[in-house]
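S.K.: Below, each chain spelled out in residue letters.
2 protein chains.
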Amino acid sequence: MEKFELDILGCGSATPTTLHNPSSQVLNIREKLFMIDCGEGTQLQFRRNKLRFGRLNHIFISHLHGDHCFGLIGLISTLGLLGRTGALVIHTVAGLENTLRPEIDFFCKDNPFEVKVEVFNPKVSEVIYEDRSVSVKTIPLLHRIPCAGFLFQEKQKEAHLLPDMIRFYNIPVRELAKIKQGADFVTEDGKIVPHGRLTIPAGPPRSYAYCSDTAYSEKIIPVIEGVDLLYHEATFADTDKARAKETGHSTARQAAQIAKMANVKKLMLGHFSARYPDNNILLEEASEVFPNTVLANEGLREKL
Amino acid sequence: MEKFELDILGCGSATPTTLHNPSSQVLNIREKLFMIDCGEGTQLQFRRNKLRFGRLNHIFISHLHGDHCFGLIGLISTLGLLGRTGALVIHTVAGLENTLRPEIDFFCKDNPFEVKVEVFNPKVSEVIYEDRSVSVKTIPLLHRIPCAGFLFQEKQKEAHLLPDMIRFYNIPVRELAKIKQGADFVTEDGKIVPHGRLTIPAGPPRSYAYCSDTAYSEKIIPVIEGVDLLYHEATFADTDKARAKETGHSTARQAAQIAKMANVKKLMLGHFSARYPDNNILLEEASEVFPNTVLANEGLREKL
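Protein sequences, first through last, are from chains A and B.
Per my numbering, residue 1 is the first one in the first sequence, and the count goes up by one each step.
Per my numbering, residue 1001 is the first one in the second sequence, and the count goes up by one each step.
Because the hints were derived from the structure by calculation, they are not lab data.
Even glycine gets a Cβ: it sits at the ideal position worked out from N, Cα and C.
Careful, some of the hints might be misleading.
[Said to hold, decoys possible] Listed next, the stretches of chain A that the computed footprint assigns to chain B, with coverage defined by at least 3 CB atoms under 8 Å from CB atoms of chain B:
no.: 1; segment: 33-46
no.: 2; segment: 70-79
no.: 3; segment: 94-102
Isolated chain A (complex conformation) (with noise of 0.2 Å):
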């Protein structure tokens, strides 16, 4: 099957810990490399997991705190002296640039290749990315400054032709396309074959959504309804209930709340508070809610 996997490369919150990285992933969609947040080292922990810097294209950043974009600059410097020479796209909100920009100019004036940023508007959920596998809609979220997560769509791939039927039926090569695409096929004595004698289907599309940093919120529901795989904040603890509203974020047991309430398969916990030496104190409340809960960590890579 061909890829469709989540790397975490840091999942730590604003205070960083030895034991989490500040907020980064990584999805392998096909050998495309996508990235979501660049807290400080990410480009450290991106080598570590053996990743290759060469097929990241896209970075999208959720919003503007440090915990989640410090790592920008020496990622894009060390792109420049690996050589780089491919357009580097950041997705964000408004605002990065006014800070970035400037540090590029000075810091990265040799780069070889274009930091382009393009800006979306965290307030409502539209497509801002989209290629021939995967499209990416922002989700918005409720948290202290603009903010949105995101939604990765496979799209619906081509169904696999089966080569002894093809040989069989002698069909013409200008006809495969169509019908991997699902049409039939007519001999040429006018019967028809249907597309379903020809091929196999192709796996469902598989999709992902990344919400971080957000407080409890229904109205990500309806985005994000279905999804193989839900990457939700869980900063806090039950007891730290209060402390989490403050602050826009969620509590793990809110985390599963939100999964099961928009019927997800699978819920993966993340954004932990240095607060909690064991962040199964996390896992079990959320557990309690939506069974099919992990923790993220750091070197973690899920396939979907």
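Model the placement of chain B on the given structure of chain A, informed by the hints.
M.R.: Quick look at chain B alone, frame taken from chain A:
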């Protein structure tokens, strides 16, 4: 003995690797922490080395290449989250504030402390910081952009009083400060008790020189003459000597030549290029010229 010890937080060069962090180190002088350079990820290694953020008031930045300063904004942001109130002083060459100040203003606008940037002239060797324990002098270096190293010189410590002798001569408390500083004691009947009989001398003042990044430069020798420890960059091995010259860096052997000519007590090599999976080649080449050489490494603590 009062502390004078060096913690290595990062000793790699511009391209980060999974072996080394970019440049940063911390000198602990009598429980005051002085940071030298601050590459990306410094705050994390600071925590790993179990250093205390509250003891850090001065940061010295040698030059404005990203691998020596990209960690500043993350560190400053974290100090704010930890509720720091005292000013943090960054000593550096001109230019840093143009990119750092807008970042602080945008990302750390609620920080409860002030960041002061004090600019030095990297072309001359002059004292840029001084307190009761230590003075810090710049060391003009030879690099592609303006760059200075730093010489930390401990001040002569006061002699230690011998309690038995103080009691024996029944010396009043008001006299003790003077005696510690070198005075003799005169008894009521005019007899002189020499300073040396009342005290034991303090250890000799210690000194540390940081020289990175720099091409081979004999001009630094008079400034670093006889230091207890010299950290000298050794980006390249002999085989890459031409590349060293071209990029304003040194080979390990050149670092050792400087150490030998400056008659330093010990040499530590650092700023290792990513091209050497094993830095022992650098240690071997330097040791042929200057045997008392060690390799820097993340987590290393060197007591002077």
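S.K.: Does each hint fit the structure? Answer for all of them.
M.R.: Here's how the hints hold up against the structure:
Coverage of the segment 33-46 of chain A by chain B holds [criterion: at least 3 residues with CB-CB distance below 8 Å; count 4]. With 6 residues having a beta carbon nearer than 8 Å to a beta carbon of chain B, the segment 70-79 of chain A meets the requirement of three or more and the stated coverage holds. With 4 residues bearing a CB less than 8 Å from a CB of chain B, the segment 94-102 of chain A meets the requirement of three and the coverage assertion stands.
When held up to the earlier numbered hints, the structure conflicts with none and fits them all.
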